[in-house]
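Q: Now for the letters of each chain:
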Amino acid sequence: MSVKHGLLALLERGPMYGYQLRAAFDSATGGTWPLNIGQVYTTLARLERDDLVAALPENEGQRPYEITAQGRTELTKWFASPVRRGDRPRDEVAIKLALAITTPGVDVAKVVMTQRTATMRTLQEYTRLKTQPGDLPWLLVLDAMIFQAEAELRWLDHCEASLVRYEPRPVAETTDVEVPR
Amino acid sequence: MTVLELRGVHRVHGTGETAVNALDGVSLTVEPGELVAVMGPSGSGKSTLLNLAGGLDSPTSGQVLVDGTSLQSLSRRQLAAWRRKRIGYVFQDLNLIASLTAAENVALPLDLDGVRKSRRQAEEALSEVDLDGYADRFPDEMSGGQQQRVAIARALIGERRLVLADEPTGALDSRTGETVLRLLRSKVDAGAAAVLVTHDARHAAWADRVIFLRDGVVVDVSQRDQPEELLSTP
Chain A
71 MSVKHGLLAL
81 LERGPMYGYQ
91 LRAAFDSATG
101 GTWPLNIGQV
111 YTTLARLERD
121 DLVAALPENE
131 GQRPYEITAQ
141 GRTELTKWFA
151 SPVRRGDRPR
161 DEVAIKLALA
171 ITTPGVDVAK
181 VVMTQRTATM
191 RTLQEYTRLK
201 TQPGDLPWLL
211 VLDAMIFQAE
221 AELRWLDHCE
231 ASLVRYEPRP
241 VAETTDVEVP
251 R
Chain B
1388 MTVLELRGVH
1398 RVHGTGETAV
1408 NALDGVSLTV
1418 EPGELVAVMG
1428 PSGSGKSTLL
1438 NLAGGLDSPT
1448 SGQVLVDGTS
1458 LQSLSRRQLA
1468 AWRRKRIGYV
1478 FQDLNLIASL
1488 TAAENVALPL
1498 DLDGVRKSRR
1508 QAEEALSEVD
1518 LDGYADRFPD
1528 EMSGGQQQRV
1538 AIARALIGER
1548 RLVLADEPTG
1558 ALDSRTGETV
1568 LRLLRSKVDA
1578 GAAAVLVTHD
1588 ARHAAWADRV
1598 IFLRDGVVVD
1608 VSQRDQPEEL
1618 LSTP
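Line by line, the protein sequences give chains A and B.
Be aware that the first sequence starts at 71, since it is given in our numbering, and climbs by one per residue.
Be aware that the second sequence starts at 1388, since it is given in our numbering, and climbs by one per residue.
Keep in mind the hints are simulated off the structure, nothing from the lab.
In this text, all values refer to a predicted model and were calculated from it rather than measured experimentally.
For each residue, glycine too, the CB sits at the ideal point set by N, CA and C.
The reader is advised that the hints may include incorrect statements.
[Unchecked claim] Computed footprint of chain A on chain B; a stretch qualifies when at least three of its residues, placed anywhere within it, have a C-beta under 8 Å from a C-beta of chain A: (1) 1589-1597; (2) 1603-1611.
[As the list claims (entries may be wrong)] Label pairs and their computed distance ranges (CB to CB): (3) B:E1418 - A:D177: 50 to 58 Å; (4) B:E1418 - A:H228: 28 to 36 Å; (5) A:K147 - B:R1569: 35 to 43 Å; (6) A:K147 - B:E1418: 27 to 35 Å; (7) A:Q218 - B:D1480: 53 to 61 Å; (8) A:D177 - B:S1414: 49 to 57 Å; (9) A:Y89 - B:G1412: 32 to 40 Å; (10) B:G1578 - A:P207: 32 to 40 Å.
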């Protein structure tokens, strides 16, 4: 997801100025994705340049923005299309583990365990937050984070079990891998 | 006062070449208001730990103390009485006696000790797990989630402050399972102590501490921090 679409969705509720948008974004994401005010203004400037939002006259030193018809079309398109896997950030844990296995002298089991403890702790924190009252949008964001943490833990268990049976292949002395052009 | 303490507990099954170290020097304390989850692959010693904590099995060496009393110092008869008074169990299934009503199931540990007015205590305990009006129902007249709530009410009846739960949500769907864990959590927050054996990370996450067992050894412990440190709620 881009901040751009997030702001468009918020402006669909009605005109808002920068600080209001940041507060609304915070509350919609349960504070899990903190935005700084600079990001909000640069994004607004880009949205205005692309005619997706329009600035309204200044009011008590604050300039509110409203969504344009073109912005609404963009927003509808965004809600209608799935988020592709490729659009998400790479999974750093998976990459780190892959590198740990192929880097000499790294205790891979320890890397797995350290990660598991940290992810378990995160899962405990999220679960504790569930005991506090909250609105449905926030609870669903929280559930998403809980299920993702759980998935990572299951994957780490799987890695640990696979590592027990793992015998590294002998390292080739010469590189005969074709480099893609 | 510490409710449960394991001091350097070893449990060896079998002898000679076939001997298996089910638990290999495990130490653990559980305080009132604390929920401890135990995770680990099959054969890691989870159930052995729970059986030892509940006095259903004795350690090869080391000590198990419940409310400060070493279970090994008790005769079989004393141990049975101690267990009945101090320790409650919640299992995945076969929790309730089918021919007894909910109230009778809950009151059973008290009845065995000849406690008077057990029925009233049982009704109060059922009310605490949101089962008002269910006292005279038989287990087969209740849903799986309701039966598990009866089991939790029974586990904490009378003076009992220690709950040992072995995959208590195993037979339940995810939402009902969460309700049972929320209840266990609230009981613990009210002062009970509990050990929860589970293979499900989402369930273990309700605990204050998660212990990872591997080949009878505690390999890792995950302790909850303060929520504020991680993220703020809106």
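Q: Going back to the hint list, which numbers does this structure go against?
A: Per hint list: 3, 6, 7, 8 and 9 violated.
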